[in-house]
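All chains should be modelled from the sequences, with the hints used to inform the complete structure.
Number of protein chains: 2
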Amino acid sequence: MIRCSAPGKVYLFGEHAVVYGEPAIACAIDKRVFTSVELKDDDSVRVTALNKRLYCDNQEFRYVCAAAKMIKELYNINFGADISIESELPSSQGLGSSAAVTVSTLMALSESLGIGLKDYEIAKLGHKVELYVQGTASQADTLVTSIGGMILITGVEMSKINFLNLPIIIGATGITRSTSDLVQKVAILKNRYPKLVGSIISCIGEVTRHGKSKLIEGDITGIGELMDINQGLLESLKISTLELNNLIYGARRAGAFGAKITGAGGGGSMYAIAQGANIDKVASQITLLGGQAIKAHFSDRGISVD
Amino acid sequence: MIRCSAPGKVYLFGEHAVVYGEPAIACAIDKRVFTSVELKDDDSVRVTALNKRLYCDNQEFRYVCAAAKMIKELYNINFGADISIESELPSSQGLGSSAAVTVSTLMALSESLGIGLKDYEIAKLGHKVELYVQGTASQADTLVTSIGGMILITGVEMSKINFLNLPIIIGATGITRSTSDLVQKVAILKNRYPKLVGSIISCIGEVTRHGKSKLIEGDITGIGELMDINQGLLESLKISTLELNNLIYGARRAGAFGAKITGAGGGGSMYAIAQGANIDKVASQITLLGGQAIKAHFSDRGISVD
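Chains A and B supply the protein sequences, listed in that same order. In this text, residue positions in the first sequence follow the numbering used here: the first is 7, and each later residue adds one. In this text, residue positions in the second sequence follow the numbering used here: the first is 7, and each later residue adds one.
Keep in mind that the hints were calculated from the coordinates and are not lab data. Fair warning: this is a prediction, and the values are worked out from it, not measured in the lab. Check the hints yourself; a few may be wrong.
Copies of the same chain are indistinguishable here, so a pair counts whether it falls within one copy or spans any two.
[As the list claims (entries may be wrong)] Each computed SDA-like pair below joins lysine to any residue, with the alpha-carbon atoms no more than 25 Å apart:
1. Lys124 <-> Ile167
2. Lys191 <-> Lys220
3. Lys287 <-> Leu248
4. Lys220 <-> Pro200
5. Lys287 <-> Glu249
6. Lys301 <-> Gly224
7. Lys218 <-> Gly204
8. Lys196 <-> Ser208
9. Lys166 <-> Leu45
10. Lys201 <-> Val25
11. Lys196 <-> Gly224
12. Lys134 <-> Glu117
13. Lys287 <-> Asp88
Shown next, in the form of structure tokens:
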């Protein structure tokens, strides 16, 4: 049996603006999805996850099944397998769990079948799987979970920047939303006020550029301040919600340096940065306000065979 | 006995950005401050307000006493008076109660003493009183309460724009804050990120210009949408608070077209626009969330002798 894992991620800065060519920064976190593969002599793929065991001929576990299908077709190999998934990430909360499950499945199958795919190849293949399942997909999600660390995304270019090991506190609202609906919502607003929304998006780009400098300097206060500014700008794009704002303000009151949405907004998750005793205070506050608090760290570790 | 009154006001769009030369729009509301003056044969001024009756030789009722002092000095008249104040506005909540009490006092004294000051003269004199009491003061506050209606403020120019009679719901947090501290806070942020904060301020100016068009068109949905965008931009200047955001999101959930801070932020008030049954829903929601809900209308009426 082969067991692989891949990390979740947060967007530090720049989500939504990245759709319009502005830079964004995403980072892997130390919460992971684990995929175990045991090859079988038949030609069926069965997936065990969330206390269910299902054959890959239904509408569940679509990323895992699409990954297996992709490997079968691309390498013209027929195989049977029992695939089992464990996750430290809530799903559909903007934390990259689908990208993580996709690439960890691809790697576990690649290792089991002796294909020997490398991390960048897995990232590319993972993107294809996400495109197949979702229709549209960001290349950043599968890249970050494949190679780990802090990634500056500028248009179609993606590059690692200095890694800063910071503790973060994630607050998942539990509210699921469609990323493409929210991207569409911003597009509609931009259509209505092209110059204004264009300028707001440029401001987010400027925040990300400042954010990159602060990350390189390790200036936590500055990072927090820019997170808050970024949050306001996301707010002005009308993609925040009462629940997200409660967690964001709760985190700030509990001593966070800064707090913002991570990902598309409209539900999903926020994250905050804090230090020392404030980490637990922020987490408690998030829990108290009805969010799922996840204490994590930025992580330099991408996909791995465990 | 002479009784005069003057209205409170809200900032529809553009607060804070107006400090940097961007346009803003303020409007009088139909909640007023009433000042009654009864001249007496002595040379003392006594003020009755908030269930207190005090001579003008202490630190309370400073606007009223400064207005009386200004009239005495400017017109070289010695007089005694009993001045009594009633207000439909909470004080120190960003609703212009100090400007309203100042100009209604000036007018009531002017009428009592036969000086015959006109609204624009009262606005100017009121600004001097506010400068004397506060050190700094916006000319807009005393102008709006003196002449009523909807005022476009561009730099030092102020002009009436088409008046749109809309119901609004104000939510006062009850938290007092210093306007100049908040203006200073934005200035510090702008010093740290001149280009970024400058761009955010330009965006607010752009919102105000769109807002003006929507007000002229009477497009309530558009006005609401722009209020929300403006709120996000104010949020990015870090002058909003948990309490304001709770009321703002509560109002939106209860069916408001839009909701934002009015004035300096950091406490004070928010306002929302809504129609029909949603007006009461928004007001109830604000009350439920711990705010003081004030149902009002924009008003074209400035200072008046009642």
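Status of the hints after comparison with the structure:
no., hint, in the structure
1, Lys124 <-> Ile167, "within (20 Å within a copy, 65 Å between copies)"
2, Lys191 <-> Lys220, "between (30 Å within a copy, 21 Å between copies)"
3, Lys287 <-> Leu248, "both (21 Å within a copy, 17 Å between copies)"
4, Lys220 <-> Pro200, "between (30 Å within a copy, 16 Å between copies)"
5, Lys287 <-> Glu249, "both (18 Å within a copy, 20 Å between copies)"
6, Lys301 <-> Gly224, "within (20 Å within a copy, 48 Å between copies)"
7, Lys218 <-> Gly204, "both (21 Å within a copy, 20 Å between copies)"
8, Lys196 <-> Ser208, "both (12 Å within a copy, 17 Å between copies)"
9, Lys166 <-> Leu45, "neither (35 Å within a copy, 77 Å between copies)"
10, Lys201 <-> Val25, "both (16 Å within a copy, 22 Å between copies)"
11, Lys196 <-> Gly224, "between (34 Å within a copy, 21 Å between copies)"
12, Lys134 <-> Glu117, "within (19 Å within a copy, 80 Å between copies)"
13, Lys287 <-> Asp88, "neither (42 Å within a copy, 54 Å between copies)"
The structure shown violates the earlier hints numbered 9, 13.
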